[in-house]
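Enquirer: Listed below, chain by chain, are the residues.
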Amino acid sequence: MARHRNVRNRSYSDDFDDDDVYGHSVEEDSCLSPSDTAQFMYDRSRNQQAISHFLESHDNIQEEAEDEVDDLSHPPLERRESLELRSLKLSEDDETCLMSCLDELRNVLGDSFSDNILINAALNHKFDYNKALDEILNKNSNDNDKKKEEPVKQPPIVRVIPSIDPVSSNNIPKVISTNLEPKSAGIIKGFKVQCSDSSGSFSQTPREQSPASERASTPRIEDETKTTLKVKENKFDPKKQYINERGSDKDHIYIVVIGHVDAGKSTLMGRLLCDLGEVSQKTLHKYEQESKKIGKQSFMYAWVLDETGEERVRGITMDVGKAQFETKTKKVIILDAPGHADFIPNMITGAGQADVALLVVDATRGEFESGFDLGGQTREHALLVRSLGVNQLAVAINKLDTTNWSQERFDEISKKLKTFLKQAGFKDSDVTYVPCSGLTGENLVKPPSEVELLKWYNGPCLLDVIDKFNVPERPISKPLRMPINDVFKGTGSGFCVAGRIENGVLNKGDKVLVCPTKEMAEVRSISINEMPNNVAFAGDQVSVTLSGIDMQNVSVGFILSDPIQQVPVATRFEARLVVFNVKVPITKGFPVLIHHQSLVESANIVKLKSLLNKSTGEVMKKKPRCLGNNSVAVVDIEVSKPICVERYKDVKELGRVMLRVSGVTIAAGLITDMYNS
Amino acid sequence: MKLVYKNIEKDGSGNISLIPEESEDMWHAYNLIAEGDAVTASTVRKVQTESSTGSSTSSRVRTTLTIRVENIDFDTQACVLRLKGRNIVENQYVKMGAYHTLDLELNRKFVLQKTIWDSVALERVDMACDPAQSADVAAVVMQEGLAHVCLITPSMTLVRSKIDMTIPRKRKGFAQQHEKGLNKFYDAVMQGILRHIEFTVVKCVIIASPGFVKDQFFEYMMQQAVKTDNKLLIDNKSKFLLVKASSGFKHSLKEVLQEPSVISKISDTKAASEVKLLESFYTMLQLEPAKAFYGKKHVERANEAMAIEILMISDKLFRCQDVQQRKEYVALVDSVRENGGDVRIFSSMHVSGEQLDQLTGIAAVLRFPMPELEDSDAEGDSDSDDN
Ligand SMILES: Nc1nc2c(ncn2[C@@H]2O[C@H](COP(=O)(O)OP(=O)(O)OP(=O)(O)O)[C@@H](O)[C@H]2O)c(=O)[nH]1
Ligand SMILES: [Mg+2]
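Taken in order, these protein sequences are the chains called A and B. Just so we're aligned: the first sequence equals residues 0 to 676 in numbering that gives the first Met the number 0. Just so we're aligned: the second sequence equals residues 0 to 386 in numbering that gives the first Met the number 0.
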């Protein structure tokens with residue numbers, strides 16, 4: 000494995016030199032950057048790497064040939080991402096059907112089944128989602144009975160293999176002769192494939208595993224151990240490093256606080272922090288005095304999170320506020336989103352970095368209604384976080400003090416929300432409703448003391464609900480991806496970028512590729528939640544001091560990428576859209592703003608490819624003339640300049656886009672394919 | 000544009016002489032002149048003269064040339080129209096058949112000769128020469144970190160300056176950095192306004208943004224104006240109009256142009272009415288899809304049934320190099336008019352025209368519902384898959 004490191008280093012410096020020479024001459028709209036060009040130029044030394052690499056990867060395949068399952072995890076390198084689907088050789092339509100069928104299945108089953116099981120079931124039943132679901136569930140109960148027959152019950156894998164082999168053998172000569180990608184990448188890819196695979200498709204968090212899912216995935220776990228063994232020789236094994244660094248720590252969880260403007264989000268969070276002792280008495284006193292001075296005393300708790308003068312004077316949150324506290328089992332980082340419709344772009348940025356969400360609604364009579372009805376942000380926010388991949392939700396039914404803690408009101412609101420949230424795609428079991436008051440502090444960190452509330456409520460307080468959230472699996476073994484949501488001057492030399500590491504590990508001293516401009520930079524220092532650190536992992540929100548690159552050349556929306564396994568850059572891609580409630584239908588040529596992580600860019604829907612049946616995913620119409628309310632469709636989107644995106648099936652967080660027009664979210668999309676132009 | 004003379008024969012051929020007076024007229028000329036037309040204009044040519052001793056000197060002479068246009072090039076930013084073609088009239092400096100590139104110049108007459116002056120071309124001449132047409136509006140659409148300073152003339156929306164800056168977000172203990180970045184951004188936008196907006200020409204300056212950016216910016220700018228004693232800004236304070244827009248991207252101009260307060264100020268400019276029309280098309284598509292058609296095939300079919308109430312067509316379609324294609328579009332326009340329909344030729348330089356261009360360039364609102372054409376192949380042609 001030491002050799003691998005060498006290869007890696009070598010090609011770092013290759014790239015680095017290139018970039019040094021050409022410097023900043025890469026224009027944003029030129030199609031080939033120097034490092035791109037380098038890929039197409041003949042380079043003897045690289046070619047040798049390529050050969051050696053392929054010999055090696057070939058070895059790998061032979062080694063594990065007896066294990067069919069493992070074979071799967073060594074697919075042809077370039078095809079890594081599209082493993083399951085591509086290898087099935089489906090037509091485009093079938094693939095879309097399959098994708099949507101899979102999504103439906105996932106909605107119901109969560110991540111407890113591997114993709115292969117789902118794919119196979121979907122194929123068996125010609126994308127009929129109900130039948131496929133039946134099959135999976137039935138099979139699963141069988142599995143529980145006869146555990147031994149497990150391997151036999153993995154027909155999808157067996158079926159898939161024959162179609163892979165020809166591809167991989169075709170691939171070898173091709174790659175050697177053309178030297179398409181930085182070859183050194185392959186080795187790492189080879190063993191990372193399945194990690195990415197499994198973390199994407201099924202959760203390894205023990206606490207999330209039901210006995211059933213554990214069994215269904217047994218072969219994969221074997222798979223895991225095998226790879227980990229191999230990786231162990233590498234002293235940079237991310238998982239081991241993670242355990243070393245974080246093993247004893249509390250899990251980190253990121254919560255975005257959402258809801259209609261003035262629902263009391265900031266107050267609720269401010270009060271929570273105060274009650275937990277995170278805000279000093281002195282500071283609070285200061286806020287009290289100062290807010291009184293400008294006649295905004297009711298906002299004193301909100302000031303804990305609303306820090307800019309503008310926010311305080313106006314009494315509304317404008318950009319995401321951040322704070323942290325600890326519960327029994329977790330370290331919680333809250334992201335207090337703005338509720339005002341004008342600041343939804345900021346809210347999207349916040350939600351994109353969150354694991355779970357806390358929806359705050361104002362229980363005051365009339366207020367809940369105006370926030371919930373059309374035009375209010377309650378629905379849009381909930382739809383947005385769901386579309387951004389959040390599936391656990393706590394609902395704080397806030398300001399219940401104004402209704403004298405009426406159970407009737409609480410029930411009325413939770414009932415309305417339940418119906419809506421279900422439609423929005425939240426499972427009932429993943430949503431918890433908590434009655435509370437941010438202003439009085441009732442039921443936040445301690446069980447209720449209010450007599451009226453005690454009469455009917457004996458559930459958990461807000462803090463306990465937060466403590467019970469499940470921490471999602473962190474894809475630390477995947478290649479580094481860190482979308483940038485802030486660029487600023489640090490205290491020392493250099494400048495900082497902030498963002499959340501979606502995939503992989505970031506070490507102090509690492510070389511990273513800043514994409515889409517593909518400039519190399521070095522990580523000078525890392526801080527997590529304002530604390531300096533030597534290493535950060537997927538799931539962490541960090542600020543990183545960079546050197547070797549000009550601050551002017553880095554913008555919000557860029558991505559720090561592994562220099563070898565680079566994030567794809569595209570201007571045109573295919574996406575599967577779910578259209579929300581729209582005032583006018585979407586046609587081709589529709590100008591939209593595309594929100595991808597923190598990036599906002601103007602884009603155009605250039606082609607409507609097909610309209611799908613919502614529940615079966617079947618193509619109902621090819622080339623529809625327009626897309627109406629609540630339709631599901633496959634479209635092509637062209638962005639006005641190249642951006643970093645991933646296919647949804649590769650990196651979920653980077654495969655999602657939101658489309659907005661005139662300040663309204665019109666659709667959410669999953670990226671299914673990209674076009675290189 | 001000033002019309003000097005118009006000389007059209009019965010068969011539709013003939014020539015028209017025009018004097019472009021402002022940069023906008025170059026856009027009209029660009030839409031008028033097609034490949035194959037003959038253009039006569041004054042130009043400067045470098046001439047090599049060989050003296051008897053054999054030494055050659057080159058000098059520049061002004062002369063009038065007539066070329067057969069082969070290539071048309073329009074620089075939208077600078078509003079320069081460049082015509083390339085072969086010389087077709089005997090000239091003392093330039094040989095017959097020699098290539099020359101004409102730059103049309105402001106305030107110099109040119110003569111355009113066409114073998115056929117169709118209705119669309121003649122309409123363009125009328126429009127270009129209508130003095131009532133010209134009223135410019137400046138608009139700044141902005142959000143934190145992004146601004147477009149635009150000039151909206153009757154038939155063009157020109158982005159004069161784009162300001163794109165990264166502003167640090169608010170973060171614990173670093174609130175000033177955000178404010179500093181914001182002020183730097185406001186300053187850049189203000190410079191953009193001062194540099195690119197001619198207050199003597201524009202009727203009003205619209206500042207549009209989501210949230211409070213516009214108000215903050217305006218306040219900042221006026222404070223600066225007082226501080227630096229900037230008479231220009233102080234005197235023109237009343238020309239500014241603050242409205243809501245959802246973002247700082249250019250497309251949000253569409254929203255700006257629909258704001259009642261803007262409409263009342265700029266009355267019926269082409270840009271605003273086109274936004275409204277296209278919007279009505281989309282509303283129809285939502286409410287009664289059988290009465291909203293787009294794509295050449297579909298619209299032609301609707302026209303055959305005399306169903307078209309309003310035809311929206313982008314001027315880009317008339318600039319195509321294919322003579323036959325242009326003829327078809329002109330015939331369609333004429334036919335719709337004959338049948339009592341309303342035809343609006345959109346400027347592809349306005350935001351809604353850009354959108355129409357993407358939507359095949361042609362769309363129609365029908366008088367009565369018509370069944371949708373089912374063959375998707377036909378759609379494929381007209382919706383040009385290859386864009
Ligand atoms: N009676 C009562 N008032 C509350 C409660 N929580 C918040 N408020 C009031 O509601 C107003 C808005 O509170 P914020 O915390 O700023 O609301 P927000 O949801 O953060 O608003 P944005 O961030 O602007 O969307 C303030 O005046 C608070 O005092 C509560 O539990 N009871
Ligand atoms: Mg707030």
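Since the hints were made in silico from the structure, they are not lab data. There's no promise every hint is true.
[To be verified] No more than 30 Å apart at the CA atoms, straight line, and that leaves these computed lysine-lysine pairs for DSSO-like:
no., chain 1, residue 1, chain 2, residue 2
1, B, K179, A, K622
2, B, K315, B, K108
3, A, K295, B, K179
4, B, K264, A, K582
5, B, K161, A, K488
6, B, K230, A, K622
7, B, K161, A, K640
8, B, K179, A, K292
9, B, K179, A, K606
10, A, K622, B, K9
11, A, K620, B, K296
12, B, K226, A, K488
13, A, K606, B, K249
14, B, K290, A, K640
15, B, K275, A, K608
16, A, K295, B, K243
17, B, K290, A, K582
18, A, K608, B, K315
19, B, K113, A, K582
20, B, K161, A, K606
21, B, K315, A, K621
22, A, K582, B, K226
23, A, K608, B, K226
24, A, K622, B, K161
25, B, K226, A, K606
26, A, K606, B, K315
27, B, K290, A, K621
28, B, K179, B, K9
29, A, K640, B, K326
30, B, K249, A, K291
31, A, K488, B, K113
32, A, K606, B, K113
33, B, K290, A, K622
34, A, K608, B, K113
35, A, K613, B, K226
36, A, K622, B, K226
37, A, K608, B, K296
Enquirer: Could you run down the list of hints and mark each one as holding or not?
Expert: Status of each hint after checking the structure:
In summary, the hint linking K179/B to K622/A is not supported, as the alpha carbons are separated by about 49 Å, beyond the 30 Å threshold. Restraint check for K315/B and K108/B: the C-alpha separation of about 25 Å stays at or below 30 Å, so the hint holds. With a CA separation close to 25 Å, the supplied pair K295/A and K179/B stays within the 30 Å bound. For the proposed pair K264/B and K582/A, the alpha carbon gap of about 27 Å is at most 30 Å, so the pair holds.
A hinted pair counts as satisfied when its Cα atoms are at most 30 Å apart, and K161/B with K488/A qualifies at roughly 24 Å. For the proposed pair K230/B and K622/A, the alpha carbon gap of about 57 Å is over 30 Å, so the pair is violated. Between K161/B and K640/A, the direct Cα distance comes to roughly 15 Å. Compliance with the 30 Å bound is thereby established for this hinted pair. Only pairs whose Cα atoms come within 30 Å are accepted, and K179/B paired with K292/A is accepted, the gap being roughly 25 Å.
Of the pairs offered as hints, the one joining K179/B and K606/A is violated, with about 42 Å between alpha carbons and a cut-off of 30 Å exceeded. Proposed proximity of K622/A and K9/B is contradicted: the alpha carbons are some 45 Å apart, above 30 Å. For the proposed pair K620/A and K296/B, the alpha carbon gap of about 19 Å is at most 30 Å, so the pair holds. Between the alpha carbons of K226/B and K488/A the distance comes to roughly 29 Å, so the proposed pair stays at or under 30 Å and holds.
For a cut-off of 30 Å, the pair hint linking K606/A to K249/B stands: about 21 Å separates their Cα positions. Annotation: proposed proximity of K290/B to K640/A is violated, straight-line Cα distance about 35 Å (limit 30 Å). Under the criterion of a C-alpha separation no larger than 30 Å, the hint pairing K275/B with K608/A is consistent with the structure, at around 28 Å. A C-alpha spacing of about 26 Å is found between K295/A and K243/B, which places the hinted pair at or below 30 Å, so the restraint holds.
Restraint check for K290/B and K582/A: satisfied, since their Cα atoms lie roughly 17 Å apart, inside the 30 Å limit. Note on K608/A and K315/B: the hinted pairing holds, with a Cα-Cα distance of about 25 Å set against a maximum of 30 Å. This hinted pair does not check out: K113/B and K582/A have alpha carbons roughly 46 Å apart, beyond 30 Å. Using a Cα cut-off of 30 Å, the hinted pair K161/B and K606/A holds, with the two alpha carbons roughly 28 Å apart.
Taking the CA atoms of K315/B and K621/A, the gap is about 28 Å. The hint holds against a cut of 30 Å. Taken as a hint, the K582/A and K226/B pair is broken in the structure, with Cα atoms around 46 Å apart against an allowance of 30 Å. Of the pairs offered as hints, the one joining K608/A and K226/B is violated, with about 57 Å between alpha carbons and a cut-off of 30 Å exceeded. Of the supplied pair hints, the one linking K622/A and K161/B is violated, its CA atoms being roughly 36 Å apart against a limit of 30 Å.
Annotation: proposed proximity of K226/B to K606/A is violated, straight-line Cα distance about 52 Å (limit 30 Å). Straight-line distance between C-alpha atoms of K606/A and K315/B comes to about 20 Å, which keeps the hinted pair within the 30 Å bound. Between K290/B and K621/A, the direct Cα distance comes to roughly 21 Å. Compliance with the 30 Å bound is thereby established for this hinted pair. Of the pairs offered as hints, the one joining K179/B and K9/B is violated, with about 68 Å between alpha carbons and a cut-off of 30 Å exceeded.
Taking the CA atoms of K640/A and K326/B, the gap is near 36 Å; set against the 30 Å cutoff, the hint is violated. Pair hint K249/B plus K291/A does not hold up; C-alpha atoms about 41 Å apart against a cutoff of 30 Å. For the hint pairing K488/A with K113/B, the CA-to-CA distance comes to about 62 Å; that exceeds 30 Å, so the pair is violated. Pair hint K606/A plus K113/B does not hold up; C-alpha atoms about 37 Å apart against a cutoff of 30 Å.
Of the supplied pair hints, the one linking K290/B and K622/A holds, its CA atoms being roughly 19 Å apart against a limit of 30 Å. Pair hint K608/A plus K113/B does not hold up; C-alpha atoms about 42 Å apart against a cutoff of 30 Å. Simply put, K613/A and K226/B have alpha-carbon atoms about 60 Å apart, too far for the 30 Å limit, and the pair is violated. Among the hinted pairs, K622/A with K226/B is inconsistent with the structure: their alpha-carbon atoms are about 59 Å apart, more than 30 Å.
Proximity of K608/A to K296/B is assessed by CA-CA distance (about 19 Å); at most 30 Å being required, the pair is judged to hold.
This entry does not satisfy hints 1, 6, 9, 10, 14, 19, 22, 23, 24, 25, 28, 29, 30, 31, 32, 34, 35 and 36, going by the numbered hints stated previously.
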